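Asks: Residue strings, one per chain:
There are 2 protein chains.
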Amino acid sequence: MSGNHEEKMTPSALTQEVIMRLEATPSPRLREIMQSLVTHLHDFAIDVQLTDQEWMEGIRFLTETGNITDSVRQEFILLSDTLGLSSLVDLINHSDVESLATEPTILGPFYVPESPRREFGESMVEYEDRGEPILIKGKVITETGEPIVGAEVDAWQNAATGFYAVQQPDVQPATNLRGRYTTNGHGEFLIQSVRPVPYPIPADGPVGTLLRDTGRHEWRAAHVHFKVSASGFKPLTTHIFDAASDYLDSDTVFGVKESLIETFVTDPSGQLICQHDFVLSPE
Amino acid sequence: MSGNHEEKMTPSALTQEVIMRLEATPSPRLREIMQSLVTHLHDFAIDVQLTDQEWMEGIRFLTETGNITDSVRQEFILLSDTLGLSSLVDLINHSDVESLATEPTILGPFYVPESPRREFGESMVEYEDRGEPILIKGKVITETGEPIVGAEVDAWQNAATGFYAVQQPDVQPATNLRGRYTTNGHGEFLIQSVRPVPYPIPADGPVGTLLRDTGRHEWRAAHVHFKVSASGFKPLTTHIFDAASDYLDSDTVFGVKESLIETFVTDPSGQLICQHDFVLSPE
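Protein sequence lines correspond, in order, to chains S and G. Here my numbering is used: the first residue of the first sequence is 6, the next is one more, and so on. Here my numbering is used: the first residue of the second sequence is 6, the next is one more, and so on.
Hints listed in this document are in silico derivations from the structure and should not be mistaken for laboratory results. A hint or two may mislead.
Which copy is meant is left open, so a pair is good if it fits within one copy or across any two.
[To be verified] Straight-line C-alpha distance at most 30 Å; calculated DSSO-like pairs for lysine-lysine:
| # | residue 1 | residue 2 |
| --- | --- | --- |
| 1 | 239 | 144 |
| 2 | 142 | 13 |
| 3 | 13 | 232 |
| 4 | 232 | 142 |
| 5 | 232 | 144 |
| 6 | 13 | 144 |
None of the values given here were measured: they were computed from a predicted structure.
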């Protein structure tokens with residue numbers, strides 16, 4: 006049409022057009038997700054006035070992230086982790102400010118189900134390790150402090166080398182430094198292990214480059230992972246962090262929460278002890 | 006720490022922590038982009054209360070998008086196109102509601118630089134095509150209607166099969182249906198071609214699945230692409246759409262603008278004509 010009598014397209018009109026187009030989505034939940042995604046994606050581009058070159062750089066970044074991702078390397082999850090999205094989704098789904106339960110934190114990529122069942126006080130060290138011996142002990146309790154008998158405490162952590170068993174199948178036994186413990190008649194658990202150490206996330210891909218370009222490092226603060234469950238209670242996935250660790254203020258995947266930092270103490274016999282109680286909410 | 010005396014992490018506190026962490030970004034522009042991206046990404050997850058399963062579905066979608074992307078197939082650009090992001094970035098950078106210039110639209114993936122220079126009125130059909138012959142004509146003019154002599158009109162379009170030459174290197178000559186024309190002493194251009202037809206974007210990957218899941222189709226409305234340039238004027242990248250085409254209201258990459266839709270007319274001799282003037286803004 007030869008005149009300029011039509012209204013010109015504007016950024017906000019375009020966003021509305023895309024949202025309107027998505028109205029045809031059969032699933033109401035997918036419709037809600039896609040319309041919100043488009044709104045925020047467009048708002049981002051408008052807010053920063055994204056240039057053609059920057060858009061292309063974004064496409065290139067995603068393409069490289071796709072290229073390095075395979076059945077063992079998941080760079081998109083690393084990206085989500087380092088942008089704080091994984092921790093945010095964990096918070097949205099598993100945290101409740103009103104609750105007295107132990108704060109949750111992310112599962113992480115190294116969880117292996119069906120760890121060996123271990124006795125009260127048994128060691129989960131199956132491999133000669135230069136790690137510092139430690140006793141991990143505590144109780145699983147209700148919000149009112151009552152012990153929970155027969156609760157399962159599924160623990161896993163890295164070796165002094167920085168690696169989890171699942172990362173070193175040719176070096177560590179598959180069940181090294183992981184185990185499922187059961188609380189005793191007083192709701193107590195007792196685990197012999199070694200002190201966990203900080204470790205870097207894989208930083209040789211586009212996410213590592215992005216971390217460096219944004220003045221960040223690739224390290225996680227030292228921690229032991231736990232999944233705690235008991236019949237009639239909400240399952241808990243969390244970490245205990247070592248208060249003496251580096252990177253507590255800059256854990257690269259935003260997993261640290263103040264209430265999960267524990268000061269490890271040395272008892273009169275010289276034994277290093279990490280003591281922490283887990284509080285579960287009723288289902 | 007055994008008590009609950011610390012403040013619990015909340016979604017908004019987590020977002021603030023990520024934003025604060027990005028303060029160390031050396032480049033002010035990258036800092037601005039990343040902080041805005043994180044804000045909008047987190048706001049999206051909070052707005053829809055994204056579940057663990059939905060987050061994993063998103064990771065899976067991006068992984069598949071990465072898997073299918075290679076040197077010829079760019080699924081991330083298709084994703085950007087079908088979410089309206091490519092058109093939005095084009096609008097942000099190349100449109101000006103105040104300007105009287107022809108509205109721009111996206112470049113698209115099929116532009117090939119250095120098309121053959123063609124004479125006034127020359128055909129750009131190099132391949133026996135069952136397409137309907139058409140004359141594309143018009144002027145390149147200033148905002149006040151003065152003809153621009155010697156402007157370059159770089160045109161490209163698909164064949165009646167739906168494919169661009171670059172998509173069918175074994176069938177169509179490489180320079181079929183593209184050419185660089187120059188306006189004459191009256192600012193006019195004249196191109197012999199065939200009527201463009203609607204065509205689908207590649208829909209056998211994750212983006213095609215997303216289109217179907219959101220009740221959409223994969224078709225673009227019929228159009229001819231143009232890059233118009235002249236010394237002293239801002240270059241223009243746009244399309245002319247055929248008013249008789251399907252999908253004008255649902256072009257899958259959101260490229261259609263009202264002012265770019267042209268009714269093709271048949272002259273007394275039976276010749277189909279697409280007439281459109283391009284208005285350029287001064288640099």
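Asks: All hints, please: hold or fail.
Replies: Verification of the supplied hints:
1. In this homomeric assembly, residue 239 and residue 144 come within 30 Å of each other (Cα to Cα) only inside a single copy, at 16 Å, whereas the closest approach across copies is 72 Å.
2. Within a single copy, residue 142 and residue 13 get their C-alpha atoms only as close as 68 Å, which misses the 30 Å cut-off; across copies the closest is 23 Å, which meets it.
3. Proximity of residue 13 to residue 232 under the C-alpha cut-off of 30 Å is restricted to the inter-copy arrangement: shortest distance 19 Å between copies versus 56 Å within a copy.
4. Within a single copy, residue 232 and residue 142 get their C-alpha atoms as close as 15 Å, which meets the 30 Å cut-off; across copies the closest is 71 Å, which misses it.
5. Proximity of residue 232 to residue 144 under the C-alpha cut-off of 30 Å is restricted to the intra-copy arrangement: shortest distance 14 Å within a copy versus 71 Å between copies.
6. Taking CA atoms no more than 30 Å apart as the test, residue 13 paired with residue 144 passes between copies only; the shortest distance there is 21 Å, against 66 Å inside one copy.
Every hint, counting from the list given before, is met by this structure.
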